[in-house]
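A.B. asks: Protein chains in written order, with the working numbering: chain A, 1 to 405; chain B, 406 to 474.
Honestly, the hints are just simulated from the structure, not real lab data. Every residue, glycine too, gets a C-beta built ideally from N, C-alpha and C. You may find that some hints are simply not true.
What the hints assert, rightly or not - One side only, chain A facing chain B, incomplete, derived with CB under 10 Å:
#1 98
#2 105
#3 109
#4 111
#5 116
#6 117
#7 180
#8 184
#9 338
#10 340
#11 343
#12 348
#13 352
#14 354
#15 361
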Amino acid sequence: MDSHIPMADMAPAFPFQRTCPFHPPPQYAAARAAAPVCPVTLWNGKRAWLVLRHVEVREVLSDDTRFSGAMADPDFPAITPARVTVDKNERAFVGMDNPDHDAYRRLFTREFSVRRMLALKPQISAIAEQLLDEIEAHGPPADLVAMLAVKFPSLVMSALFGSPYEDHEFIIRCAVARHGLTQSVEEAEVKARELAAYVRRLIDTKEARPGDDMVSRIIEEHVRPGKLSRDDFAEIGAMILRAGHDTTTNMIGMGTLLLLQNDAMRRRLAADPALIDGAVEELLRFVSPVQYSPRRVAKEDVVIGGVTIPKGEGVFMPLASANRDERMFDAPDTLDITRDASQHLAFGFGIHQCLGQMLARYELQIVYTAILRRLPNLRLAVPLEEIRFKHDMQIYGVHNLPVAW
Amino acid sequence: MIRIRVNPQVCVGAGQCVRTVPEVFDQRDSDGIVVLLASTAPDERLTYLQKAVKLCPSQAISIELDPKP
Ligand code: HEM
Ligand code: SF4
């Protein structure tokens with residue numbers, strides 16, 4: 001047993017602040033060196049536990065028997081007051097335990113299979129080229145976040161899901177209202193309701209006029225035969241839309257900035273596009289944009305890495321810590337697109353591991369490759385100090401990325 | 406020779422196995438759940454198969470070294 005676990009009242013306040021925009025908060029490395037699990041104090045005074053190393057994060061996320069992902073559980077840990085309310089009202093499978101989780105998720109796994117996503121690649125490429133055409137026509141300087149990072153996943157989700165592209169700003173406002181760190185409870189909850197109501201209306205529209213899209217297919221395969229209610233589909237659809245927009249956007253912005261900061265690496269990748277597969281995995285490892293999920297609550301007293309997590313207490317798995325664990329990755333704070341980063345946990349682990357991961361991978365592979373090919377002399381159009389990093393968001397990235405070429 | 410088993414009951418259709426060893430793993434057309442294209446593989450594929458075992462988020466894959474040819 002580890003005897004250095006501080007008392008609850010000494011547990012530091014969580015979340016921590018970053019001191020460098022390219023690295024996770026330094027407290028992770030310090031705590032990770034001391035123990036695999038570290039107690040923290042949340043905004044509401046409750047104690048929670050951080051699981052900081054790769055092995056133990058996999059262990060917790062694989063253990064559905066002793067850890068629950070039921071977001072409606074009053075003990076489920078939340079990073080903000082707004083999050084408590086949206087968690088309590090979460091109806092999609094991201095907030096469920098088994099057997100319900102798998103039963104719902106399996107209605108959607110086909111839509112995200114490797115084969116389906118491979119078939120979507122030509123369309124994804126066409127979208128990337130179209131947006132780069134617009135950027136070239138606009139001329140430098142251009143904000144790569146507004147002109148590419150936000151629009152690209154929106155157009156892809158529109159093509160896949162069937163949500164009209166004109167609605168993307170509304171969808172993004174709904175995602176951001178959930179993913180902020182400072183929003184009001186009302187704002188988060190109103191936007192959660194609005195997005196589910198929006199998908200509910202979209203279901204009606206597609207029932208009347210089906211198209212070649214996910215909503216129409218799910219109606220045909222699962223809703224009409226009575227396997228999925230329209231209201232459940234609306235909640236799941238809202239979750240998929242939020243997850244499909246905000247995450248990829250942040251990886252595009254942050255990943256591009258990292259390539260701009262590492263000129264030799266960027267040249268190497270531009271010269272050898274076959275490196276893109278591994279480069280995307282390494283960028284996912286290095287950025288780990290999802291900061292305050294996955295979370296679980298202990299269903300019983302559980303010993304993890306020699307530390308007892310008492311029943312009913314919350315656990316956070318900061319993926320940015322596991323992905324910088326020196327026990328798993330050599331020189332973890334070095335970005336190296338030629339390393340084997342495939343064991344990274346940026347998509348989580350266990351039954352809730354990202355459903356959209358193959359889509360995200362192909363989107364990122366295609367968009368980074370297109371950027372490097374179309375804008376070979378890409379550079380920041382402002383000093384680094386003028387880049388606004390998303391310290392105010394649960395999903396990390398950049399708010400702006402003015403570039404020239 | 407390596408023997409491969411999958412447990413479709415626990416698979417969550419993440420596709421990590423298909424991405425890692427495409428000649429062995431596939432996803433069913435009907436629901437995206439894992440299906441084996443081959444239940445054995447030559448020893449040379451051990452590293453990749455071990456990787457698939459590790460990457461699978463729901464422990465749906467197991468492998469066993471079979472000394473018989
Ligand atoms: C780079 C982009 C992405 C990253 C880093 C990412 C990350 C994650 C993570 C860490 C989780 C696990 C959350 C948890 O355990 O609590 C997750 C779940 C999920 N993601 Fe993603 N994601 C990305 C893109 C996408 C896309 C494009 C989609 C869909 C279009 C998507 C859909 C989902 C869904 C539906 C879940 C819930 C799965 C479940 O509970 O079974 N994600 N994602
Ligand atoms: S990696 Fe595991 S969960 Fe994913 S498709 Fe393969 S068997 Fe299923």
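A.B. asks: Confirm or reject each hint.
C.D. replies: Status of the hints after comparison with the structure:
1. Interface restraint check: residue 98 of chain A against chain B, minimum CB-CB distance 9 Å, threshold 10 Å, status holds.
2. Annotation: residue 105 of chain A was flagged as interfacial toward chain B, and the flag holds, the nearest CB pair being 6 Å apart, inside 10 Å.
3. Taking 10 Å as the C-beta contact cut-off toward chain B, the hint placing residue 109 of chain A at the interface holds, the least distance being around 3 Å.
4. The interface hint given for residue 111 of chain A holds, since its Cβ lies 7 Å from the closest Cβ of chain B, which is under the 10 Å cut-off.
5. Interface restraint check for residue 116 of chain A: the shortest CB-CB distance to chain B comes to about 8 Å, inside 10 Å, so the restraint holds.
6. Hint on residue 117 of chain A holds. Least Cβ distance to chain B is approximately 8 Å, under the 10 Å limit.
7. A distance limit of 10 Å between C-beta atoms decides the matter here; for residue 180 of chain A the minimum to chain B is near 28 Å, and the interface restraint is violated.
8. Interface hint status for residue 184 of chain A: violated, as the beta-carbon distance to the closest one in chain B is roughly 34 Å, over 10 Å.
9. The beta carbon of residue 338 of chain A is not positioned within 10 Å of any beta carbon in chain B (closest approach about 17 Å), and the interface hint is therefore violated.
10. Given the 10 Å rule on beta carbons, the hint for residue 340 of chain A holds: about 9 Å separates it from the nearest Cβ of chain B.
11. Because the smallest distance between the Cβ of residue 343 of chain A and any Cβ of chain B comes to about 7 Å, under 10 Å, the interface hint for this residue holds.
12. For residue 348 of chain A, the shortest C-beta to C-beta distance to chain B is roughly 8 Å, which falls under 10 Å, so the interface hint holds.
13. Among the interface hints, the one on residue 352 of chain A holds; its C-beta lies about 8 Å from the nearest C-beta in chain B, closer than the 10 Å criterion.
14. For residue 354 of chain A, the interface hint holds, since its Cβ comes within 10 Å of a Cβ in chain B; the closest pair sits about 7 Å apart.
15. Satisfaction of the interface hint for residue 361 of chain A is found here, the shortest Cβ-Cβ separation to chain B being roughly 8 Å, below the 10 Å cut-off.
Taken one by one, the earlier hints fail for this structure at numbers 7, 8 and 9, listed in ascending order.
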